[in-house]
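Just so we're aligned, residue 1 is where the sequence shown starts under the working numbering, counting upward by one.
Read the hints as simulated data drawn from the structure, not as lab findings.
Accuracy of the hints is not assured; some may be wrong.
Subject to a maximum C-alpha distance of 25 Å in a straight line, what follows is the list of computed DMTMM-like cross-link-like pairs (lysine to aspartate or glutamate) [as the list claims (entries may be wrong)]: (1) 170 / 85; (2) 143 / 201; (3) 143 / 126; (4) 57 / 126; (5) 143 / 65; (6) 170 / 126; (7) 172 / 126; (8) 172 / 201; (9) 172 / 40; (10) 170 / 201; (11) 143 / 174; (12) 57 / 85.
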Amino acid sequence: MRFTINPLFNKLSVKYLTVLTAILTILPLPVKAATFLVTERAGLGGNAQVNWESLGKVFNPSAPDFSVFLPNSFSTTSQGGLGLDINIAPTNNPRVTPPFVFQTLPSPGIRSNFASGDFILFGGIDPTGFIPLPPGTPDPGTKGNGEPLTISFAQPVFGAGAQIAIDSSKLKIETFLNAFDSTNNLLASFSVPNISSLALDNSAVFLGVRSDTPNISRLVFSSSAPQFGLAINQVSILAVPEPTYTLAILAFGISGAVLKLRQRSLQNNS
1 MRFTINPLFN KLSVKYLTVL TAILTILPLP VKAATFLVTE RAGLGGNAQV NWESLGKVFN
61 PSAPDFSVFL PNSFSTTSQG GLGLDINIAP TNNPRVTPPF VFQTLPSPGI RSNFASGDFI
121 LFGGIDPTGF IPLPPGTPDP GTKGNGEPLT ISFAQPVFGA GAQIAIDSSK LKIETFLNAF
181 DSTNNLLASF SVPNISSLAL DNSAVFLGVR SDTPNISRLV FSSSAPQFGL AINQVSILAV
241 PEPTYTLAIL AFGISGAVLK LRQRSLQNNS
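Whenever a hint applies, use it, and build me the whole structure from the sequences.
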């Protein structure tokens with residue numbers, strides 16, 4: 001059987017393959033990632049955020065409602081639509097509460113060294129810590145849950161971070177951040193010194209990580225003083241821009257269209 005190629009197909013093939021080649025040229029190619037520490041929120045260049053107020057459960061120390069406590073593992077979604085799984089390792093201290101969210105405010109609110117008004121995700125505390133203390137009162141050193149806090153992303157991201165502190169006053173500690181990829185390989189490990197306080201002065205350090213490829217799937221925050229409750233404020237995320245996925249889908253769509261044109265031409269000329 002002899003057949004010939006329709007000249008129209010040749011023109012379409014050249015046209016669409018040229019477009020496909022151009023698109024594939026601008027798509028990111030696999031390279032060895034460089035991962036580095038970020039200690040300023042603005043330096044992360046985030047395009048998504050998780051504010052813990054969005055969970056709809058905020059603890060009020062002046063009118064305690066224990067139904068707003070959180071499980072040690074739960075899921076949420078960023079303002080950009082990215083899914084996150086949160087895991088706060090449980091403490092072995094039976095007096096410590098489950099995790100909860102609070103808004104840090106002047107007395108009679110809960111003071112911290114985040115900015116006044118921030119919503120804070122907190123590992124948990126001995127119930128005596130619910131008693132609001134007036135300014136100038138010495139920190140009683142209330143124990144809490146300072147076990148590691150893990151954030152897993154539904155899709156790998158370029159970077160993420162949050163301010164971090166512990167529930168203690170004028171204590172010098174080290175805060176730690178480990179970043180992992182989707183196959184649980186450790187990408188980077190960082191530590192930053194931190195001095196906790198109750199000054200509501202936004203002095204809690206920002207601890208974040210950036211990569212030049214979207215390979216960060218999990219972050220683990222911790223501190224050198226796990227006997228005190230660990231806290232983070234809103235999480236900033238540098239997620240994969242939507243156009244990257246759009247271009248990839250377009251590229252596959254064009255290649256599929258070219259294949260269908262070829263099959264149709266062969267059938268017409270057989």
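Contradicted hints - numbers only: 1
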